[in-house]
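**Q** Residues per chain, in single letters:
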Amino acid sequence: MTDPAATNAPKAIPPASTAGERRWATLLLRLKKIRLPRVFLHEEGLFLLLAVIIGLFSGLSVVCFQISIDWTRIRLLGSALSPSPLRALLVPSLAGLGVAVMVIHFFPRVRGSGVNQTKAAVYIYDGYIPFSTVIGKFLTCALSIGSGQSLGPEDPSLQMGAGIASALGRRLHLSREKVRLIAPVGAAAGLAAAFNAPISAVLFVIEEVIGNWSAGVLGAIVLSAVSSVMVLRLFLGEEPLFRVPPYHLAHPGELLAYAFLGVIGGGASLIFVKLVCYLRPRLKALPRWSYYLQPAAAGLLIGIIGIWLPQVMGAGYDFIDQALHDQFTWKLLIFLAIFKIIATSLSFSSGTPGGMFAPTLFIGAMVGGAVGGVEHIFFPHLGGTVGGFALVGMGVLFASFLRVPMTSVFMVLEVSGNYSIILPVMIANTIAYLISLRYQPVPLFDMLSRQDGTDLPSMEEQRERETLRVEDAMRLPTEVVLRAEETVAEAIRRTGSSPHEFFLVSHRSGDWTGVTKETLRGLAKEGKGESPLSRVLPGALLPWLHPDQPLDVALRQIGDWPLIPVIHRADFNNLQGIISLTDILAAYGAAPDKDHRSKISLESSRQEAALGGE
Amino acid sequence: MLPEGDRLCPRCGQLIPAGHPECPVCTAPQGFLWRLERETLVVISLVLLALFFAITGFVVQRYHATQKALGGHWYQRGEAALNANQPQKAVDAFHTALVYSRDNSAYQMRLAEALIRANRLGEAEVYLRTLWVREPGNGTVNLELGRLGARRGEVSEAIRYYNNAVFGSWDSDPLDHRLETRIELCQFLLSKGERTQAESELIALIALERILPPDAALHAQIGSMFLQVQDYRRALQEFQIALKLKPNTPGAWAGAGEAAYEIGNYTEARRYLEKAVSQNPADLRSAQQLEIGKLILSLDPFARWISQRERIRRTVAAFNQARARVEQCAQSRSVNLQAKPATSPLQNVFAEAKKMRPKATMRSLQRDPDLIPNVMDLVFQMEQQAEQTCGIPPDPDRALLMIARTRGATER
Chain V
1 MTDPAATNAP KAIPPASTAG ERRWATLLLR LKKIRLPRVF LHEEGLFLLL AVIIGLFSGL
61 SVVCFQISID WTRIRLLGSA LSPSPLRALL VPSLAGLGVA VMVIHFFPRV RGSGVNQTKA
121 AVYIYDGYIP FSTVIGKFLT CALSIGSGQS LGPEDPSLQM GAGIASALGR RLHLSREKVR
181 LIAPVGAAAG LAAAFNAPIS AVLFVIEEVI GNWSAGVLGA IVLSAVSSVM VLRLFLGEEP
241 LFRVPPYHLA HPGELLAYAF LGVIGGGASL IFVKLVCYLR PRLKALPRWS YYLQPAAAGL
301 LIGIIGIWLP QVMGAGYDFI DQALHDQFTW KLLIFLAIFK IIATSLSFSS GTPGGMFAPT
361 LFIGAMVGGA VGGVEHIFFP HLGGTVGGFA LVGMGVLFAS FLRVPMTSVF MVLEVSGNYS
421 IILPVMIANT IAYLISLRYQ PVPLFDMLSR QDGTDLPSME EQRERETLRV EDAMRLPTEV
481 VLRAEETVAE AIRRTGSSPH EFFLVSHRSG DWTGVTKETL RGLAKEGKGE SPLSRVLPGA
541 LLPWLHPDQP LDVALRQIGD WPLIPVIHRA DFNNLQGIIS LTDILAAYGA APDKDHRSKI
601 SLESSRQEAA LGGE
Chain Y
1 MLPEGDRLCP RCGQLIPAGH PECPVCTAPQ GFLWRLERET LVVISLVLLA LFFAITGFVV
61 QRYHATQKAL GGHWYQRGEA ALNANQPQKA VDAFHTALVY SRDNSAYQMR LAEALIRANR
121 LGEAEVYLRT LWVREPGNGT VNLELGRLGA RRGEVSEAIR YYNNAVFGSW DSDPLDHRLE
181 TRIELCQFLL SKGERTQAES ELIALIALER ILPPDAALHA QIGSMFLQVQ DYRRALQEFQ
241 IALKLKPNTP GAWAGAGEAA YEIGNYTEAR RYLEKAVSQN PADLRSAQQL EIGKLILSLD
301 PFARWISQRE RIRRTVAAFN QARARVEQCA QSRSVNLQAK PATSPLQNVF AEAKKMRPKA
361 TMRSLQRDPD LIPNVMDLVF QMEQQAEQTC GIPPDPDRAL LMIARTRGAT ER
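If you read the sequences in order, they're chains V and Y.
Heads up, the first sequence is in the numbering used here, so the first residue is 1 and it goes up one at a time.
Heads up, the second sequence is in the numbering used here, so the first residue is 1 and it goes up one at a time.
Worth flagging that the hints you see were computed from the coordinates, not collected in a lab.
Short derived list, chain Y residues pointing at chain V, Cβ under 7 Å:
no., residue
1, L49
2, T56
3, V60
4, T96
5, E123
6, V126
Just so you know, even glycine gets a beta-carbon here, dropped at the ideal spot from N, CA and C.
If we strip away everything but chain Y, and leave its shape as in the complex, we get:
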């Protein structure tokens, strides 16, 4: 596409303007450089090259400085947006920051975090995986990948990355980060019902906890998680340490009470729970456990410190209470307890109770105290059957059920 009248020189390809008969380049007197020796020209080229290097170096230095500044500027904007809970805006800002500092891991990490907060998990994962390939041992990257897996419900994936994060490298406070990551892992495992795995992680956590400075809240937190995995003894130990370090640790009294209650140590449970309820009267769970605990202490015929007479009295009272519970339950479910032959489990157990009734008296038991365990076994059967048929029982019956459970555990 040449200007009208112009043409290209067939020899050198240069433009010959309209009206010029010859090529201005080919016919121009040749410059002085044309007459220099080849070797001299090579040296001149090298000198020019060195000059060009220097100029480019200067330009590149300024360019990098500008890029860095722009990257920092957009990163700050991203941080501000993230703090203002505007993840979408933060994503755009971090994207722009990465244009100016492409391989900045911190920017990529923040972008991934912003993407997660913007619920763009797929995109976040790509960035995190790229970072992971670059630094497979990076604790932060593994933690974020673990969180991503957790959010997606990919249990094995999440556990793998959480574990990588626990054993990974951290820029600062590695012990604290490892502890937090392990706690997060335990919470994730508990949320997924992986109790066995959670318990082993918690045991590892205790080892880690011992290295760190004493922290009552941390012990209480770990105690709560032990409660969730139903390792009540370790839970009780953790709560006790927490209370020793700081007697008013929130939740520690209630936790210790619950742990003692579940172990069957009702005397101690009562002590902890009374304290918990006095500190926080709104804690209904502790109040109820305290109530049942007290009932257990007053109803348990197997308690060590009571006299034989009291033991027999409690046995008879328990028998009458259980029998009444069965009758009440049968009535509510319209079950005829007198029907023959007995077809339902409730009818069977009531028939057994009917047979036992003559023996479950003060006089009879005083004559033969060895019958107490047999009577109590029937009491437990009646309570369990009533619970299965009619659901959650009133507090005195719950107390009997708890006694049954504790006794079963002790026998086992």
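Just chain V, same shape as in the assembly:
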């Protein structure tokens, strides 16, 4: 992105036509004349300061957003936990109609996943997220979630944070690279405030959005997350998102029940993903006029469900809290999980703006609570609490549905503030994640982005990708290796029968150089036959590699050298192998073309074929 300040800077302020405009122009002119000390010339410093400012802005926005959702809910659905049947039917459908008009006519970019839009900003649009998206997300999501659509506020908060960051970064004329990186910083701030959990937010952004731990970005992300959470706690209190009852592992046998929860949770997440991935493209393929009605229709269906199960309406945090406190029977918990999957799939697929995090946690808590309830009936001696199962269930769905295994573990720890839950969480989350990985190769976010016609980099693919290493390409050192102490004549004698032209020379210091037969002959002709190689060879040292290094390092190191040594990490004179450009290219050529990506293409083409067929 070129600097607009440089290209479009007019020489003077345009003449103002009214008194108000004149006053405004004068104020701006005065501002322009202000000369502050140039303390932020160094961009790294400004980036970190900006991270804090972004965190504060995001925290404030999330506070206002949460209050707006709550106010909307109270005004539209009433202050009781369960709305009256009439409200349950009318409010989500009418609000859905209003949301559809707002989305189609005013904020077309607020549809879809905030995570993917932040990724798109990073990887496609040079960090650009229009500020109107922030306003649009705020208004439409407050209305949709507050009116009972089965969606959550975290994803919009994440996107609002990213949007605020993008706007500030651009206004402060950050470099293109920094503007690209600033969106994830804001995303972390938004998510941290929404969850009141900074560690989980930081991990999520690293695990799902940027996929690396570079120190510069990490520092900014941590700063923004911490500042946003600080603001949230300042205004809304220290309490965590959920009040988790005390937990302790009563019996080691309980871990088997948690493993079972992992299996059930993995299955539930598969159903959820498949339903979303089935419904969304089909609703998208309907005629354009139907876009006005889809959120309303989804709202009506959710309202009908809500008459009997009001818990499925809205984000459902209060009911997650009740499930954590063992307030529902296991049969009701199963019903709630099933209908929440249906309601959320309808809401999200209809294009209603809102996030999937809260519904995922809701479904997880219900599934976990149900498994805990069943365990109580069949294995009462194990003595596990239903609250513990509900909590672990939340992590299970988070790991398997959103495919963020690390974040899921830390989220449960951070939300519960109880380290003793770590074993059940790790067991259950891992099982659920592996089931999801096995039966749904494409993660949800990647699937959604491909449905929207973009191919954003998949962090999971990056994690799962098999990295080619130097040891995959290197050859055993069969050629003659010379020692720096040998004389030129000795070297000529040893290399005389070799078919190769280039030879490695090992120095006592652990350095390596190289020499050709021709150079050796030339040195002999110059009468340096009895001189040791260390004295007569040119000083340029060879770069070296270790067997475990990624192969792309070899590609960068090899330069014009015909071959370079691969040496032991603890003994630099110990030659493990040699590698040439031909070896590297051969290794890349022989590597199987990512199975994963082939599966993805296959799945996408199947879906397209199915849609086309219809």
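Based on these hints, arrange chain Y on the given structure of chain V.
**A** Chain Y in isolation, oriented as in the chain V frame:
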């Protein structure tokens, strides 16, 4: 999902409406802000931030006020429902109140109480345990957990929480709460048959009671519990204090009478019981105890104030009565008392009585008064054996049994 003909700008990602060749955002003249120095922009951002802080602060203040009001409103509805004995409705209302004031301990406490009343013990326990983790020394929470344990019959759990409540902190009237909790604990222990533990709790209760202003009803209540743990002397003391404080304390005369009767102080028992029966003629238990007490006083050959002749007369009368009781009992159970050899305990004791009969006369006993204890021992054996074989005896025989018990206790 874009409107038909519209597209996204490849540079900035903004929407390019149909018919526009270029992106309206990228081609728009840049605003004045773009031309300001970076440092100035940072300062402007900070000013905006301060403004945003102020606005958010105002909004949050109003929000909290609304939340508090809504929480209070639903709490009141919960209280009303609880008072109207509609615990289910109260549970819903308190749940809603907690939505608006999540960590309000009072709301949580009332919700737990409503859940207990709705017989949803498991759910109540979760809330109480959460409160307990937050305030392990809270008397109210511990008391409710103790009650929960008591309802579930978990004796050790209930005792632990009741004790925590006794030594816990209370918002108001801590002494009264501790006293009530200890009384409740004693009642629970008595209901579970844990008499020894109940007795020690009652003794601790007396110490606590002494700090509090005198209360006749309380002394009578504690006296009743001492009666249940069969600590009759302490029971009598408590009832006496109660009667001293307030002579018409309900149940105190009867309690004092029973305590004196069980101790074997029949003269005093008669005095208390006569008063109890005159105050409450429907008190059949006291009337019966009075009757037996009177009989004991008239039948007891070991009474101190009677003459030697009277003592001998009573011994002979007791012997004849016991013998008649054995014969009556044998007849009702079709036991042949004349059978030889004697096989049943009743036959054995009757055989002994047969041997003793010549000695158990006025003349013989006057000659040898030292035989009186031997005769009376046989009387007691006959009565006990008859009771074991035939059950509850008539009042005169019960009186003899009571004399046997009192004498046994005295000898011990």
